[in-house]
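Let the hints inform the model, and build the full structure from the sequences given.
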Amino acid sequence: MGKKTAIIAEHHNGEISTVTYELLALAKGIQESEAGDICFFILGADTEKPAQTLSTRTGEPVHAVCIPGLAQYNGALYKKALSALFSRTPFDYILAPHSSSGMDYAPALSMALGGSCITGVKDVVRTDGALCFVRSLFGGKLSAKLTTDTGPLVLTLQPGALKAFSPEGKSQGPNQVSNQGTIERSVLDITDDNMVYAGTKASPSEGSDLARADVIVSGGRGIRDAQNYNHIEMLARLFPRSATGGSRPICDYKWIPYSKQVGITGTTVSPKLYIACGISGAPQHVEGMKNAGFIVAVNTDPDAPVFQIADVCIVEDLMEFIPFFIETFKQKRRKKDERNDLGESFLA
Amino acid sequence: MKILVCVKQVMEGESPVRVHDSGKWINPCASARFEMNPFDTYAVEEALQIRENVPGTLVHAVTVGPESSRDTLRRALGMGADEAVHILDTGTGYRPPFLTASWIAAYAGGKGYDLILTGIMSADEMNGQTGPMIAQSLSIPCASAVLYEKPGPDRTHISIEREIEGGARDMFEVKLPCVLTLQTGINAPRYPSLSMVLRARKKEITVIPAGVFVDQEPGLRLHSLYSPQKQRKGILLKGTMEEKAKQLMDILAQKALLT
Ligand SMILES: Cc1cc2nc3c(=O)[nH]c(=O)nc-3n(C[C@H](O)[C@H](O)[C@H](O)COP(=O)(O)OP(=O)(O)OC[C@H]3O[C@@H](n4cnc5c(N)ncnc54)[C@H](O)[C@@H]3O)c2cc1C
Ligand SMILES: Nc1ncnc2c1ncn2[C@@H]1O[C@H](COP(=O)(O)O)[C@@H](O)[C@H]1O
Numbered sequence: 021m022g023k024k025t026a027i028i029a030e031h032h033n034g035e036i037s038t039v040t041y042e043l044l045a046l047a048k049g050i051q052e053s054e055a056g057d058i059c060f061f062i063l064g065a066d067t068e069k070p071a072q073t074l075s076t077r078t079g080e081p082v083h084a085v086c087i088p089g090l091a092q093y094n095g096a097l098y099k100k101a102l103s104a105l106f107s108r109t110p111f112d113y114i115l116a117p118h119s120s121s122g123m124d125y126a127p128a129l130s131m132a133l134g135g136s137c138i139t140g141v142k143d144v145v146r147t148d149g150a151l152c153f154v155r156s157l158f159g160g161k162l163s164a165k166l167t168t169d170t171g172p173l174v175l176t177l178q179p180g181a182l183k184a185f186s187p188e189g190k191s192q193g194p195n196q197v198s199n200q201g202t203i204e205r206s207v208l209d210i211t212d213d214n215m216v217y218a219g220t221k222a223s224p225s226e227g228s229d230l231a232r233a234d235v236i237v238s239g240g241r242g243i244r245d246a247q248n249y250n251h252i253e254m255l256a257r258l259f260p261r262s263a264t265g266g267s268r269p270i271c272d273y274k275w276i277p278y279s280k281q282v283g284i285t286g287t288t289v290s291p292k293l294y295i296a297c298g299i300s301g302a303p304q305h306v307e308g309m310k311n312a313g314f315i316v317a318v319n320t321d322p323d324a325p326v327f328q329i330a331d332v333c334i335v336e337d338l339m340e341f342i343p344f345f346i347e348t349f350k351q352k353r354r355k356k357d358e359r360n361d362l363g364e365s366f367l368a
Numbered sequence: 004m005k006i007l008v009c010v011k012q013v014m015e016g017e018s019p020v021r022v023h024d025s026g027k028w029i030n031p032c033a034s035a036r037f038e039m040n041p042f043d044t045y046a047v048e049e050a051l052q053i054r055e056n057v058p059g060t061l062v063h064a065v066t067v068g069p070e071s072s073r074d075t076l077r078r079a080l081g082m083g084a085d086e087a088v089h090i091l092d093t094g095t096g097y098r099p100p101f102l103t104a105s106w107i108a109a110y111a112g113g114k115g116y117d118l119i120l121t122g123i124m125s126a127d128e129m130n131g132q133t134g135p136m137i138a139q140s141l142s143i144p145c146a147s148a149v150l151y152e153k154p155g156p157d158r159t160h161i162s163i164e165r166e167i168e169g170g171a172r173d174m175f176e177v178k179l180p181c182v183l184t185l186q187t188g189i190n191a192p193r194y195p196s197l198s199m200v201l202r203a204r205k206k207e208i209t210v211i212p213a214g215v216f217v218d219q220e221p222g223l224r225l226h227s228l229y230s231p232q233k234q235r236k237g238i239l240l241k242g243t244m245e246e247k248a249k250q251l252m253d254i255l256a257q258k259a260l261l262t
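Protein sequences appear in the order of chains A and B.
Position in the first sequence (from 1) plus 20 gives the number in our numbering.
Position in the second sequence (from 1) plus 3 gives the number in our numbering.
To be clear, the hints were calculated from the coordinates, so they are not data collected in a lab.
Errors might be hidden in some of the hints.
[Said to hold, decoys possible] Computed footprint of chain A on chain B, listed as stretches where at least three residues anywhere in the stretch have a Cβ under 8 Å from a Cβ of chain A:
1) 19-29
2) 155-166
3) 174-184
4) 214-223
5) 227-234
6) 242-249
Using N, Cα and C, we set each Cβ at its ideal position, and we do this for glycine too.
Dropping the structure here:
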């Protein structure tokens, strides 16, 4: 009998989140080494529409668990429901997103099931006969391969690490597979007074104009002091339709407002050009800007993980490099203007 | 209220990390410097702020690690913690968060802590597992990525806000005792004052060898450690600063990003 893999689908407002399809890519990666069944689990107060979407887009079986009290994510309810489900029907691998909710329930779930847990997984590989899961350490400076002999293994997948699964069977349009997966429906009427949901507050980055800029220049802890943010502002001023941003720590320090924070808990951006200055390139920041058309990184540390995703890598002190670059730019402008002036007088 | 704060010693962010010859863990170089996990400074600060608001509150700090990690407990005492406990682990290899959490839970169980605070993750391992696992071992609730907390007047509940994607916050009423993992920005961690540092130096630290706890299967094995590959075929600019500035200008002009 093959190894069984369960995927806990993430969904918001009736829509399936992209990371859910990335989880399927991870499950298929596991399946390549250890053939076995895959099954989606989807929890919520209203699971019908997302369950339908999942089964038509993936062709995999879906277990829709309707929990009337679960209109919003609630860690206590998730843990209760999932440990009950997986104690009854054991799985070898249980895959969850490394999201605010997955991070919240996965470690406890693994313990409740007497298994192991690996968070922030980026990939699966087979090495020396063992199935290994790859994750980042030290802010992305190192990668580790982890393996386990005691199941079940509960994993959380770093969003954006794998290419989302898309069906190859093109016969029914780009977003459908030929055979819809079966949907099993159940109702679980559980409550938990350990944690009671009391509403949601909007993000301080809502309405930020970052998402509309063509060019974003961002500063990180490498600016070292609030006043040095003016380097970032001056560099941004060279570009039309530009905006300035930053990493989370410099918002935490109140050097810039949270509306300028780029990353998973700030704004996700995809400008034509992103210039990261004094930013190490932690996964939570990178996930918010890696779809930029072109990425330039300035960092004193040649090992900074941001260089793994940059198109142009500049190992320099930003405090020296930025003023220098601005000066070089102005000189070039001046020369160009002189040439233009000359040209015009020639014509006259 | 009785509060336990979990603090971990980590290598300073800008220290170079090198893989040990065995490929099984890291080898701190001679120049490496260590500090309290920056994410944990928020947990210590939050506990101290609760003590300022709730009379009679006690703040204890706990760490799991080698002899040298005791410095991190001194730091917590210097910030103002009342007592410190060192769960001494003399092992030098990889220790999965499951073991760390099991030991902290084994220590904390039955001691009447109303609240256990951790950072959102450790800067070196970035697991985000220890807090939620402590809660599971003790069968108490846990909320992660917390950006606001306020204990209720009757001390049976705590109101919290936890951060979700995009920076929005979900609000919950959580039953005490519970574990909270704190997100950065919840407060501005204080620096220890000189007088506090001197006082902290004289404080007794309780040491518990990890061996006293029930032997448990760690579950996970570290197969290997290595430097990751580049994802984009980026170019590294070479030469003097002048040459680099000029090259960058040319590249941006070529791409019509700066004219
Ligand atoms: C759940 C969760 C959500 C998060 N969400 C976000 C998010 O949305 N956005 C975000 O940014 N972070 C987020 N974080 C935090 C993230 O993990 C990192 O801690 C953060 O991105 C690091 O910011 P940084 O790169 O500015 O600082 P550091 O990691 O400290 O890096 C500073 C860099 O500056 C370099 N440097 C120093 N001096 C100079 C100089 N003079 N010139 C050039 N370079 C220099 C250093 O070499 C270093 O690489 C989140 C974390 C968690 C756990
Ligand atoms: N060795 C340790 N000793 C004490 N607390 C720890 C230790 N490791 C992790 N923690 C706590 O658990 C949090 C999350 O760590 P991690 O699960 O490793 O990402 C940290 O911010 C600490 O508060």
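Hint by hint, which ones does this structure get wrong, listed from lowest number up?
none
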